[in-house]
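Enquirer: First to last, the protein sequences are chains A and B.
One point on numbering: in our numbering, the residue at position 134 of the first sequence is 134, and numbering is uninterrupted.
Positions in the second sequence are counted from 1; adding 465 to them yields our numbering.
Read the hints as simulated data drawn from the structure, not as lab findings.
Owing to the predicted nature of the structure, the values given are computational and were not obtained by experimental measurement.
All C-beta atoms in this analysis are idealised placements derived from N, C-alpha and C, irrespective of residue type, glycine included.
Among the clues, some could well be false.
What the hints assert, rightly or not - So the derived list for chain B, only partly shown, Cβ under 7 Å to chain A, looks like this:
#, residue
1, Tyr478
2, Asp486
3, Leu532
As the list claims (entries may be wrong) - The list that follows gives simulated cross-link-like pairs (lysine-lysine, DSS-like), each with its CA atoms no further than 30 Å apart:
#, chain 1, residue 1, chain 2, residue 2
4, A, Lys51, A, Lys2
5, A, Lys3, A, Lys352
6, A, Lys352, B, Lys566
7, B, Lys541, A, Lys135
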Amino acid sequence: MKKVRVGSGSSGWPDFKDGALDVAQNGDIDYISFDHLAELTMAILQSQYAKDQMRGYIPEVIPLMRGLLPIWKEKDKHFKMCNNGGGANPPECANQVLKIAQDLNLGSFKIGVITGDTIPLSQVDELRKEGWKFKNMDTGEEDIGSVRDRLLAAYAYTGADEIIEAYEQGADLVIGGRLSDNSLYCGNFMYPLGWKFTDEYWDRIGSAVCVGHLLECSSWSAGTCSNLWEEIDYPKGNPGFPIAEMDENGDCIISKTETSGGAIRVQTLKEHLVYEVHDPENYLMPDGIADLTQIKLEQVGKDAVKISRYGDKPRGKPRPENLKFCLAYNDGFIAEEITIVCGPKVFQQAEKAHEFVKRRLDYLGLKPREMLWSLIGWDSLCGPTVGSPPPDYDPPELGIRIAFKCDTEAEARACRTECGHLCWASLGVGAGFTQPPRIRPVFALWPTLIPREAVPLSLEIKETK
Amino acid sequence: MAKKKIKLIDICYYRSGDKGDISNIGLMAKTEKAYEIIKREVTPERIKAHFRGWVKGDIIIYPMDNLQSLEIMLYKALGGGATKTLRIDQTGKAMGNALVKMEIEVDESDL
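With the sequences and hints as input, model every part of the structure.
Expert: This is how it looks when you write it as structure tokens:
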């Protein structure tokens with residue numbers, strides 16, 4: 001039976017670089033995928049690109065490729081790679097990787113460069129004129145009119161079509177921009193197994209979408225961030241990244257290398273299968289809609305779990321007509337400050353400081369749009385679910401974190417300096433301070449949909465001379 | 466039948482994440498019996514009361530029989546979402562920890 005081995009190489013920026021190197025060196029892989037982008041990263045990369053056309057891609061791609069390409073060269077089986085580290089500037093990212101390939105004398109090395117996922121704001125306006133509303137999928141707001149003047153960047157989450165096309169044209173590495181995390185894996189399963197976007201394959205593509213989800217967060221499926229943390233170990237300090245061996249029927253075994261730490265268990269995969277999927281019967285991705293309730297997990301080895309069919313329904317449905325589209329817009333500034341209260345009576349001191357800060361904001365006429373007061377060591381993570389501290393509870397120290405959101409950077413700075421920082425004055429004797437993080441602009445996201453045909457992607461093959 | 470108060474953490478594993486201002490919690494039962502209990506006892510109304518104002522929108526629960534898990538979506542739950550929120554836990558990674566402190570009442574024979 002035809003099978004393909006696809007490794008996970010990265011799940012964001014930054015990730016453990018040695019995880020990818022281990023998978024490439026010891027994982028006997030045919031393909032490896034690298035996701036480098038979080039939801040907000042594209043907006044940041046686009047603003048870098050606007051200032052300097054040599055930037056706008058993920059810099060981490062370069063040292064990663066410097067480590068990987070020598071392994072690629074020495075292997076008889078030249079694995080293929082794809083990433084979305086090109087960000088807002090895939091061509092320049094490819095140029096830099098080609099330089100490494102030349103220096104290493106790799107011989108013929110081809111990079112498929114995918115562009116077109118970044119949509120100019122003028123085109124957003126055109127589509128609005130044609131009647132496309134860009135309804136906000138989170139809030140239900142019908143039209144982007146309320147934020148149009150504050151828009152910074154717009155990008156579509158694209159699918160595996162161009163990855164597959166690049167491989168057909170002989171690419172060894174594919175570099176894209178906002179390629180969906182999941183599609184980086186779907187492309188690597190679909191191309192070698194010959195799966196097409198047609199009725200015959202939606203069940204298997206559903207499985208690919210599911211396994212892609214399991215692989216796209218790298219070590220998160222292999223024991224990091226796990227409920228089993230007490231029993232999972234990293235003897236050398238190197239978490240393992242998952243590797244999927246997919247067969248032509250869409251069944252698969254997920255494992256990891258013996259040279260890495262962590263673990264592949266039914267539980268570590270289950271944790272990821274329920275992670276951020278929303279409606280599990282309709283897990284929407286650009287290449288297909290997976291039904292995650294039709295997936296069975298079964299331990300078949302020490303670090304090996306089989307993924308097969310659970311029910312009698314198909315594991316996938318035809319891909320959505322529209323692509324996910326994100327618009328980033330300016331939404332003011334956030335300033336924060338942490339002060340550590342020294343005991344005794346930490347809660348009483350904090351309460352007094354809270355009152356002081358509220359009075360002082362009034363006294364100075366400062367009106368932050370939002371303010372959040374939280375106590376590190378008590379409610380900063382779980383909020384009001386923790387209730388009030390018991391009367392006899394007095395830990396040796398307690399952190400006060402104050403965060404402000406204001407329309408302008410100057411207001412945010414005034415709130416932080418005058419009220420956030422100086423709140424220590426109302427505390428008892430002895431407090432600790434940290435260097436506050438930089439005041440940050442808020443890039444808010446407006447998640448919506450865009451018709452596929454409005455995102456004209458192009459593919460260019462660059463190769464070593 | 467003797468009743469007993471337990472916390473969800475006694476019978477479940479959990480992991481949580483985000484999409485925009487939506488918090489998403491996967492609640493995984495440790496046993497088949499535990500799955501029957503959480504399907505019955507973990508309701509949108511109880512979750513909403515447990516979060517005491519931190520969750521401002523609707524709550525939807527999707528059962529996953531194949532994994533003996535509940536996929537729980539909390540709308541308007543992260544103070545505006547990762548990029549806008551003032552919370553220190555910008556992406557709601559600890560919302561699962563917050564949920565499993567919730568108490569439920571079960572028959573002792575169910576455990």
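Enquirer: Holds or violated: is the Cβ of Leu532/B closer than 7 Å to a Cβ in chain A?
Expert: At about 5 Å, which falls below the 7 Å cut-off, the nearest Cβ of chain A leaves the hint on Leu532/B intact, so it holds.
Enquirer: So, as I understand it, the hint says Asp486/B touches chain A; can you test that by seeing if any CB pair is closer than 7 Å?
Expert: holds (6 Å)
Enquirer: So if I understand the rule, the pair passes when the alpha-carbon distance is 30 Å or less; does Lys51/A with Lys2/A pass?
Expert: Not OK: Lys51/A and Lys2/A at ~48 Å, beyond 30 Å, violated.
Enquirer: Please verify whether Lys3/A and Lys352/A have alpha carbons no more than 30 Å apart.
Expert: violated (65 Å)
Enquirer: For the pair supplied as a hint, Lys541/B and Lys135/A, is the alpha-carbon distance within the 30 Å limit?
Expert: Holds, because 17 Å separates the two Cα atoms, which is no more than 30 Å.
Enquirer: Holds or violated: is there a CB of chain A closer than 7 Å to the CB of Tyr478/B?
Expert: holds (4 Å)
Enquirer: For the pair we were handed, Lys352/A and Lys566/B, check the Cα-Cα distance against 30 Å.
Expert: With a Cα-Cα distance of about 29 Å, the restraint between Lys352/A and Lys566/B holds, given a limit of 30 Å.
Figure legend: structure checked against the earlier numbered hints; hints not met, in rising order: 4 and 5.
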